[in-house]
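Residue numbers (the UniProt record's numbering), protein chains in the order written: chain A, 1 to 136; chain B, 1 to 512.
Hints are computed from structural coordinates only; laboratory data are not their basis.
Treat the hints with caution; some may be incorrect.
[Stated by the list, open to error] Below 30 Å or equal to it, Euclidean Cα-Cα: the simulated DSS-like pairs (lysine-lysine) are:
#, chain 1, residue 1, chain 2, residue 2
1, B, LYS469, A, LYS78
2, B, LYS413, B, LYS383
3, A, LYS78, B, LYS139
4, B, LYS469, B, LYS421
5, A, LYS78, B, LYS413
6, B, LYS139, A, LYS59
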Amino acid sequence: MWTRAVWLGLRAAAGGRRGFTSKADPQGSRQVTAELIEHLERLALVDFSSQEAVARLEKAIAFADRLRAMDTDGVEPKESVLEDRCLYLSSDNVVEGNCAEELLQNSHRGVEEYFVASPGNISWPKLDEKEPFSHH
Amino acid sequence: MATPMLRWCCPGRRWIFAGIGGGSRHGRGVPTGSTSSGKKGQSSVAQQPLITAQKPRKGEREWAAVVGLEIHAQIASNSKLFSGSQVDFAAPPNSLVSFFDASLPGTLPVLNRRCVEAAVMTGLALDCHINRKSLFDRKHYFYADLPAGYQITQQRLPIAVNGSLAYSVCVGKRWSQMVTRTVGVKQIQLEQDSGKSLHDNLRSQTLIDLNRAGVGLLEVVLEPDMSCGEEAAAAVRELQLILQALGTSQANMAEGQLRVDANISVHHPGEPLGVRTEVKNLNSARFLAKAIDYEIQRQISELENGGKILNETRSFDYKLGCTVPMRDKEGKQDYRFMPEPNLPPLLLYDSGSLPTGADPQQVIDIDQLRERLPELPRVTREKLVRQYGMLPEHSFALLNEVGLLEFFQNVIKETRAEPKKVTSWVLNTFLGFLKQQNLAVSESPVTPSALAELLDLLDRKAISSSAAKQVTDVKKGNPRAINKLIGLVRRATLGRADPTVIKEVLERQLSS
């Protein structure tokens, strides 16, 4: 499940904003360009710091690509493995919360019951020193 | 070029940019086949068959604006969309946060039934098609007030689609010239709200309060059928009234329960749509129309001056009264949508498809919800017009103030005076008095009974209307007015009524 999601996510990035439910992309590029790496690093905040890491990524894509060998014509894609399960509905009662102290213990820094973050969202210094990644 | 003069041609949806010297051709319309490469504000080539004497002035062409809205309404529920922590506006920071809301590992979302019902009811009220099956997705982006790094929303298959919202705008100068317009409702989806960030610039840090994280939102997407700020504001207002009547959201903009983003573009009629910008942070009813109109004007000026419109996100700066770019040019956001793996599809039923022997708590029946829908504002207004013969704009005014309709109906119940008199008194004298004293209906010192009694006296011609108006003077604490009133009553009863008794009666009524 996770692999498929990653694969679809990568395909979407490589294929240029196509929906992740689209049909197989015949021009699927096995080549992972530097631009794509930078793009992925920014989106997922991971660090492909070495060539070895990029090579491992390419291997992962190749591994997932084997799914293309399957003929899925006329087969309705599944949403998730939970598809035929029943979605449980809870009644609208307050049963949780009131544990600020406990939650704040997980935080590196805190100010008067607030979590503390650096301003302007997560900064991502690019290779050639760019502006910080601005918030949504 | 001097400051462009923008000619208002709404509600005809046409904007005219008039160059120096003003004086646009009102009502001429753009002839088909009039060219323009679209970029520079070149005047049309002489292919206008109907215009005889005057050539069009340079830069003088009609513009049409296109406005679409994305409205987020906080669902009025006790607990959050996927967790059991409380929904409340003001509480100590991070006190209404569950482990799931804080995105601690090992926690899972559990869908709140009340939120689903709220979405279905709203969809029904807006004449939407309710999808019997809808899906949840993850929308990824990084921000400190989104602890999970993604928001659970409904991107692929939302709960309701293809509805419409009818609203009214005034055409012309008089409030009485109202027309009804319709805007398409593209979809309604359930999604999570994020936490709140408080920027502490002094210490260069951001404080995060997750009380709001995970609160259920209804996102209502309105089609780009609107053409100016006034229409957008009217549509939002009507949606607000509907949500409040349904009880699905309190929709109070000041408290952040209703937030609006606008998608705005301009183009010449007959030509393709222009590049659109998204304007966020429209959280004030008062500035909504202004902000949208500003952006329309800005785009027109930009294009007329040979510039281009960037497909960007802008924010409305209330202090400066203008829109400013919000994000730096990093290109379009990639949200990496994926199905929410922890939630099966949401299935809804109707009376025909209810599974037998199912636990009623676990099953949502659309037909049952439809039967229980409260009366919508549109219907209430129609009834008022039919029942009391009032003008449509009066029915709008009665519904526009919290508690006013109930007040009006209580007066009607207790008085023998004609409904038209009651309407006039409530909307003019009473409401005017409240506005002057800056009071809400609930804070009014004048009760429905008191007003009813007063109107009865008036009706029996026991007192004159000017005397009756002085009652409000008394309420403001003017004791001389009550003596004057006594005098008038005495005169009306031809001196037969005992002044002491009159005073007693009046004081009793006025202090109740």
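*Earlier hints that do not hold, by number*: 1 and 5
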